[in-house]
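In case you want the letters, here they are:
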Amino acid sequence: NAGVTQTPKFQVLKTGQSMTLQCAQDMNHNSMYWYRQDPGMGLRLIYYSASEGTTDKGEVPNGYNVSRLNKREFSLRLESAAPSQTSVYFCASRMGLKSNYGYTFGSGTRLTVV
Amino acid sequence: DQQVKQNSPSLSVQEGRISILNCDYTNSMFDYFLWYKKYPAEGPTFLISISSIKDKNEDGRFTVFLNKSAKHLSLHIVPSQPGDSAVYFCAARRSNFGNEKLTFGTGTRLTIIP
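Protein sequences, first through last, are from chains A and L.
Counting from 1, position 87 in the first sequence corresponds to residue 87 in the working numbering; the numbering is continuous, with no gaps.
Counting from 1, position 53 in the second sequence corresponds to residue 1053 in the working numbering; the numbering is continuous, with no gaps.
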């Protein structure tokens, strides 16, 4: 099925470990996003990429890095995981700046840092 | 600073009745608003949107109303069905070039009672 694919779906990390969350879309969308969802906080933007080759910080970028590997793939890296990064992470994509269609989200990665 | 607020964390409605979900925003620069629906263990899915030049947009059982002077929007679902039970997120966007990020509310969990 076309859409946004996130891997892994679940992950448990120890404090200080690193990992990369993978995201790929097959809709030829230009823009891609990483959000985190925490109870009572809604979805908060971590980083986004308006187009291939560009990335920008969102609302809560500290502790994360991103790579827009190509038009399809946008990865999120935690260099040294902390318990505060326990969350559900969603990747999303959108056609472009002038598109008024909503974002397409992946099914999420549930990350626990112990 | 929560720019998009959903003050009701939960709402229960009888099947067949109208469900009304509310959302308030503080940033007068927002000019496009969206509603997303989220089932457990899935990513949010786009439901309906409205531009700030309109005050109403309808799609089947779903209608979104926008009151710009009050900085308030609402989602009406008529008639409510059991499959509508989900978490609903309101989101807002500024459409300036280079600033295409969505700001989400904290969500309202809707439960439809059979």
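Worth double-checking, as some hints may not be accurate.
Each computed DSS-like pair below joins lysine-lysine, with the alpha-carbon atoms no more than 25 Å apart [stated by the list, open to error]: (1) L:Lys1054 - L:Lys1005; (2) L:Lys1101 - A:Lys57; (3) L:Lys1071 - A:Lys71; (4) L:Lys1071 - L:Lys1005; (5) L:Lys1054 - L:Lys1071; (6) A:Lys71 - A:Lys57; (7) L:Lys1101 - L:Lys1071; (8) L:Lys1056 - L:Lys1101; (9) L:Lys1005 - A:Lys57.
Honestly, the hints are just simulated from the structure, not real lab data.
Bear in mind that the values here come from a model prediction, so they are computed numbers and not experimental data.
Could you work out which earlier hints the structure fails to respect and list their numbers in ascending sequence? When the structure is compared with the hints, only number 3 turns out to be violated.
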